[in-house]
Amino acid sequence: MHIAPLARHILRISILLPLLAGFNLPASASNASATPLVHPADWCKRLVVRMPGVSNAMCLQSELLPTGVNSLQGFPLLARQIPAKKTKRNQAPLRVLLMGGIHGDELTSVSVVFRWLQWMPTAAAQQFEWSVVPVVNPDGFLAPKAKRVNANGVDLNRNFPTPGWQQDAPRYWATRTKKDPRRFPGSAPLSEPESKWVHDEMLRFRPDVIISVHAPFGVLDFDGPAQPPRRFGRLLLNRVGVYPGSLGNYSGVHKNVPVITIELPNAQKMPSDAEVKRIWLDMLRWITENVESQSELAKVHSVSLPSSEPLKK
Numbered sequence: 407m408h409i410a411p412l413a414r415h416i417l418r419i420s421i422l423l424p425l426l427a428g429f430n431l432p433a434s435a436s437n438a439s440a441t442p443l444v445h446p447a448d449w450c451k452r453l454v455v456r457m458p459g460v461s462n463a464m465c466l467q468s469e470l471l472p473t474g475v476n477s478l479q480g481f482p483l484l485a486r487q488i489p490a491k492k493t494k495r496n497q498a499p500l501r502v503l504l505m506g507g508i509h510g511d512e513l514t515s516v517s518v519v520f521r522w523l524q525w526m527p528t529a530a531a532q533q534f535e536w537s538v539v540p541v542v543n544p545d546g547f548l549a550p551k552a553k554r555v556n557a558n559g560v561d562l563n564r565n566f567p568t569p570g571w572q573q574d575a576p577r578y579w580a581t582r583t584k585k586d587p588r589r590f591p592g593s594a595p596l597s598e599p600e601s602k603w604v605h606d607e608m609l610r611f612r613p614d615v616i617i618s619v620h621a622p623f624g625v626l627d628f629d630g631p632a633q634p635p636r637r638f639g640r641l642l643l644n645r646v647g648v649y650p651g652s653l654g655n656y657s658g659v660h661k662n663v664p665v666i667t668i669e670l671p672n673a674q675k676m677p678s679d680a681e682v683k684r685i686w687l688d689m690l691r692w693i694t695e696n697v698e699s700q701s702e703l704a705k706v707h708s709v710s711l712p713s714s715e716p717l718k719k
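The number in the numbering used here is simply the position in the sequence shown, starting from 1, with 406 added.
These aren't lab readings, by the way, just hints derived from the structure by calculation.
The beta carbon of each residue, even a glycine, is placed where N, CA and C say it ideally should be.
One or more of the hints may lead you astray.
Label-pair distances were calculated between CB atoms; the ranges are [as the list claims (entries may be wrong)]:
hint, residue 1, residue 2, range
1, F623, A680, 14 to 24 Å
2, R610, G647, 34 to 44 Å
3, D679, L609, 29 to 39 Å
4, V455, Q572, 34 to 44 Å
5, R640, E698, 19 to 29 Å
6, P550, T528, 36 to 46 Å
7, G480, Q674, 17 to 27 Å
8, K492, R640, 34 to 44 Å
9, G570, Q467, 42 to 52 Å
10, Q467, K491, 12 to 22 Å
Each computed DSS-like pair below joins lysine-lysine, with the alpha-carbon atoms no more than 30 Å apart [claimed, not checked]:
hint, residue 1, residue 2
11, K551, K584
12, K683, K491
13, K661, K553
With the hints as constraints, model all of the structure from the sequences given.
What follows is the structure, given as structure tokens:
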């Protein structure tokens with residue numbers, strides 16, 4: 407019996423779900439239901455209502471699979487793992503963690519990641535290994551009125567375990583934001599299943615660079631080592647600073663894994679198709695020319711240090 411590609415993908419998801427429900431999930435899932443409350447056939451139907459410029463067919467063709475971790479309201483965190491196909495001889499491919507929708511009201515940040523997923527088969531993208539998560543905060547994204555925070559009212563981009571978080575994050579929230587509920591960092595670092603999953607994925611995947619898509623400031627932000635990009639498309643570099651608990655602070659500053667924050671100019675209206683393509687191509691070019699493999703850097707450091715001096719972590 408011939409099964410169309412989209413139907414075959416839905417069938418594969420349906421088979422996987424019972425298996426995933428039986429896994430010993432990481433601690434990030436402890437506050438979320440182990441089994442998604444949303445049927446696979448409904449994932450894209452619910453998402454595309456909020457995604458400008460993305461059709462249901464495009465969503466289904468993205469080949470996303472559940473990670474085994476769900477949001478607090480039972481929506482699965484969906485990801486796609488894409489191996490490299492064009493690599494240099496005896497050289498491991500660079501690993502790229504690409505994320506959208508960590509703030510649920512930044513709708514275009516989700517759409518752009520879905521659009522880029524369609525271009526993964528191109529030669530320029532196939533030189534890298536990818537972990538792609540288009541919607542980190544599905545509860546905020548799918549709320550009756552899309553909101554920045556998750557179902558617990560936590561800003562996921564202030565919930566990462568930067569040094570001194572217990573003192574710095576609550577103080578910054580109280581004094582600098584005047585306890586703005588849209589920027590509440592949570593009761594503890596990694597208190598939320600969504601931020602905990604991102605943290606666990608960083609440990610598992612060991613990215614060489616992280617690309618996080620946001621909106622609506624219309625700039626590029628950069629944290630960490632490597633030469634920062636001057637521009638992607640029309641977006642120019644404008645470093646906006648670091649915050650307690652932010653991904654850029656945690657990964658770029660403290661873990662030395664560079665983080666590019668792409669701030670699209672509008673949270674609800676997509677850039678032109680040409681601009682989406684320009685940002686994509688400029689991003690790939692920058693990664694190729696400026697990002698170094700973390701595993702290769704570790705080898706260099708291990709050789710350059712005297713044998714009596716331990717590696718500092």
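Consistency of the hints with the structure:
Distance hint for F623 and A680: a CB-CB separation of about 21 Å, consistent with the stated range 14 to 24 Å. Checked against the hint of 34 to 44 Å, the C-beta distance between R610 and G647 comes to roughly 29 Å, which is inconsistent with it. At about 36 Å, the beta-carbon gap between D679 and L609 stays in the expected band of 29 to 39 Å. Here the CB-CB span from V455 to Q572 is close to 39 Å, well matched to the stated 34 to 44 Å.
Evaluation of the 19 to 29 Å hint for R640 and E698 yields a pass: the beta carbon distance comes to about 27 Å. A hinted range of 36 to 46 Å for the beta carbons of P550 and T528 is consistent with their spacing of about 38 Å. Taken as a hint, the range 17 to 27 Å holds for the pair G480 and Q674, whose Cβ atoms sit roughly 26 Å apart. Range check, K492 to R640: about 29 Å between beta-carbon atoms, so the 34 to 44 Å window is missed.
Against the hinted window of 42 to 52 Å, the Cβ-Cβ separation of G570 and Q467 comes to about 44 Å, which satisfies the hint. Between Q467 and K491 the Cβ separation comes to about 18 Å, which falls inside the hinted range of 12 to 22 Å. For the suggested pair K551 and K584, the alpha carbons sit about 23 Å apart, so the restraint of at most 30 Å is met. In summary, the hint linking K683 to K491 is supported, as the alpha carbons are separated by about 21 Å, within the 30 Å threshold.
Using a Cα cut-off of 30 Å, the hinted pair K661 and K553 holds, with the two alpha carbons roughly 29 Å apart.
Of the hints listed earlier, those the structure fails to meet are numbers 2 and 8, in rising order.
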